[in-house]
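Peer 1: Using the hints, position chain B against chain A.
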Amino acid sequence: MLACLLLVMTMPLLIGIGLFLKSTLLLDNNSIINLLFSKTWKPLNQNFGFYPFIISSIWVTLTAIIIAAPICLLTAIYLTQYSKKYFLKIMHPVIDILAGIPSVVYGVCGVLIIVPFVSTIAPIFGKQSSGYTILSGGIVLSIMITPFILNILIEIFRNIPDELKEASLSLGATKWETIKFVLIKKASPGIISSIGLGISRAFGETMAVLMVVGNVTKIPKNALDPGYPLPALIANNYGEMLSIPMYDSALMFGALILFVVVLFFNIISRLTITKLEIY
Amino acid sequence: MMTKKTEENIFKVLMVLSTSIIICGFLLIMGSVLIKGLPTLSIEMLTEVPQGGYYFGKGGGILNAIVGSLYLSLGATFLAFIVALPVSLFMNVYLINKNKLLNVIRYLLDLLWGVPSIVYGAFGFIIMVYFGLRTSLLAGIITVALFVIPIMIRAMDEVFKTVPRGLIEVAFSLGSTKSETAFKVFFKQVIPSVVTAVLLSFGRAIGDAASILFTTGYTDSIPTSLLEPTATLPLAVFFQLSSPIPEVQNRAYASALVLILIILIISLLARIISNKNNLKKFNIKNAVNKRFIYYKNIRNNYNLSYKKRRKSQQ
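Going down the list, the sequences are from chains A and B.
Last residue of the first sequence: 279 (the numbering used here), numbering continuous.
Last residue of the second sequence: 1314 (the numbering used here), numbering continuous.
Don't read these hints as lab results, they were simulated from the structure.
The C-beta atom is built at its ideal place from N, Cα and C for all residues, glycine as well.
One or more hints might be untrue.
Unchecked claim - Residues from chain B that keep clear of chain A, each with C-beta distances beyond 10 Å, as calculated:
id : residue
1  : Glu1044
2  : Ile1153
3  : Ser1176
4  : Ala1256
Said to hold, decoys possible - Restraint-style ranges between C-beta atoms, simulated for each label pair:
id : chain 1 : residue 1 : chain 2 : residue 2 : range
5  : A       : Ile192    : B       : Phe1078   : 34 to 42 Å
6  : A       : Glu155    : B       : Ile1035   : 45 to 53 Å
7  : A       : Ile90     : B       : Pro1246   : 36 to 44 Å
8  : B       : Ile1265   : A       : Gly172    : 51 to 59 Å
9  : A       : Lys42     : B       : Leu1102   : 43 to 51 Å
10 : B       : Tyr1094   : A       : Lys42     : 53 to 61 Å
11 : B       : Val1104   : A       : Ile192    : 19 to 27 Å
12 : B       : Leu1028   : A       : Phe87     : 14 to 22 Å
13 : B       : Leu1101   : A       : Lys39     : 41 to 49 Å
So here's chain A without its partners, still in its complex pose (with noise of 0.2 Å):
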C-alpha cells in the first residue's frame, strides 16, 4: 500500500521531470526567453518561437472565464439562495451529466452550433469570418468549464454559516443586501479561487478547442481572429514528432509550459480554498 502511495505522490515529480529531460535538447540550442517571445515558428529552419500559441492560449481562456464567471456566479447564489429545493436536485445532474460530456462531443457540437453563430454575427462587428476563431473556441470552453466552477461556487456557498445570513437580515438589510455585502464577502476567496481552477482547466483543453479554433499560426489582434493555442499545436503535430528529434522536443517543451502554467494557478487557487476551509 505505501508503494502505490509512494508511485501516485511522486507522479507530478515524475511527470516534471520526464517533459524537461525530452525539452532539455531545445534549451540547450535555445535560450528560453528566445522561445517564450520570438514569433516565428518555422520548425524545418530550426525556428522555434512559442508567442503566438501562448496568447492565443491566453485569448481563448480569457474569453472563456469572461463569459463563464459571472454565469456561474449569478446560478450559484440563485441555485442556493432564492430557487426551490427541489430545483437544485434537478440541477444537480444536469451539471453532472455536463461536466461528463467529453470535449470531443463539446468540440462537435462548436462545429455545429457555434462556429455557424459566429460567423453571422461576425458582420456586426465589421468582420468577415469562417467562424474558426479565438471567440467560437472561447465560447465552447466556457460551457465546458461552467460545471466544474459551478459545482466548487455551490458547495462554498452552501458551507458558509447560516448565523451569518441571519445576523445580518436581523439587522434589518434585505435579502439581496444580505447576498451582495455578506455572503460574497465571505465567500470572495473561494470565488477567486474556483476562477482560478476554471483558467487551468481551460488552458490544458485540447479537442473542444482544437477542432473549433481555426489553428491557424498568427498572432491573434482581436477575438474573432482564427487562434492556435498550445495544446492544440501538440495535439495537431504528434504525427512529426518522432521524425525531427528537435521538433519533438520543441512539443515537449509546449507540454511543459502547459504543465507549469496549469500547476501555478492550481497550487495558487487550492492554497486560497484550503485556507478558507481554515477560517
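Peer 2: The following block gives chain B in isolation, referenced to the frame of chain A:
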C-alpha cells in the same frame, strides 16, 4: 427605498437568465447531437468494422472504435483500481491520525487531477518511447490509467471518509490488524459507493481523447492483443468530423451520439447504485454489533482451538 428593490429585481432577472442559459446550453448540446446523429445511427453502424472506402462514404460501421474504447477504458479502470484502492485505504486506515500529512496528500492529488490530459498524453508518450513500445492498446491503457488514478483515489477517499470512526476503533480494540481492518471491515462497508467511484472513473476514461492521441494509434480492425494499436470512439469522432465528405461527417455525429449514450448509461448506473446505498441508511449500531459478533466468533474459535491444543500437549 425603491432603488433597493429594483437592484434586487434586476439581479434576480439576471440570475434566472444565467441559470436558463446553462439549461439551454445543456439542452442544445444534447438536442443537436441527437438530431444530427440519430438519422445516421443504424444497426450496421454498431455491428460492423469499417470496410474498404469507409472514409469515402462506403459501407461499414464503428464497431472497432466501440470495442477498442471499451477495451481501453476497462483495462485502464482495472489498472487504476489496483493502485487506487490500496492508496485510499492506506490514507484512511493507516494515516487516519496524521491530519497534516493527509492534507498534503490530498492537495497533491488535487494538483494531479488538474493536470491537463494532453500533458498526460505527452508523458505517456515519453514512457512508451522509453520502454520501446509502439503505439498500442497497452500504452494507451497505461496513459489513461495514470490520468484516472488521481480521480479515482479522490472519489474513493471521499467514500471512505464517511465510514464512522467508531468502526475502526471497534475493529482495532477487538485485536484485528490494520490491513484486516482496511480490507475486511472498511472495504466491505462501502462496496456500493466504491463501485460508483469506479464507474465514474470509467466514464472519464472512455471520454478522454487528448491523452490517447499519442499512444493508441488508430486501426480499422478490432485489436486481438495488448500490443496492437486500437481505434477509440473519441478519436473516431474527431477523425470522421475532419473529413470533407458529408456522409462521413454524419457518421461522426452518430459516433458522438454513441459515446454520449455510453456515458449517460454509466452515470445513470452510478446514480442508481449510490442511491440504493443511501436507501438502506447506514446504521452504526447494527454495523458495530454485527462486527462484534463476527469477532466474538473468531475469538471463541481461537480459544477453543487453543484449549484443544493445550489438551493434546498435556
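Peer 1: Does the structure break any of the earlier hints, and which numbers would those be?
Peer 2: 2, 4, 6
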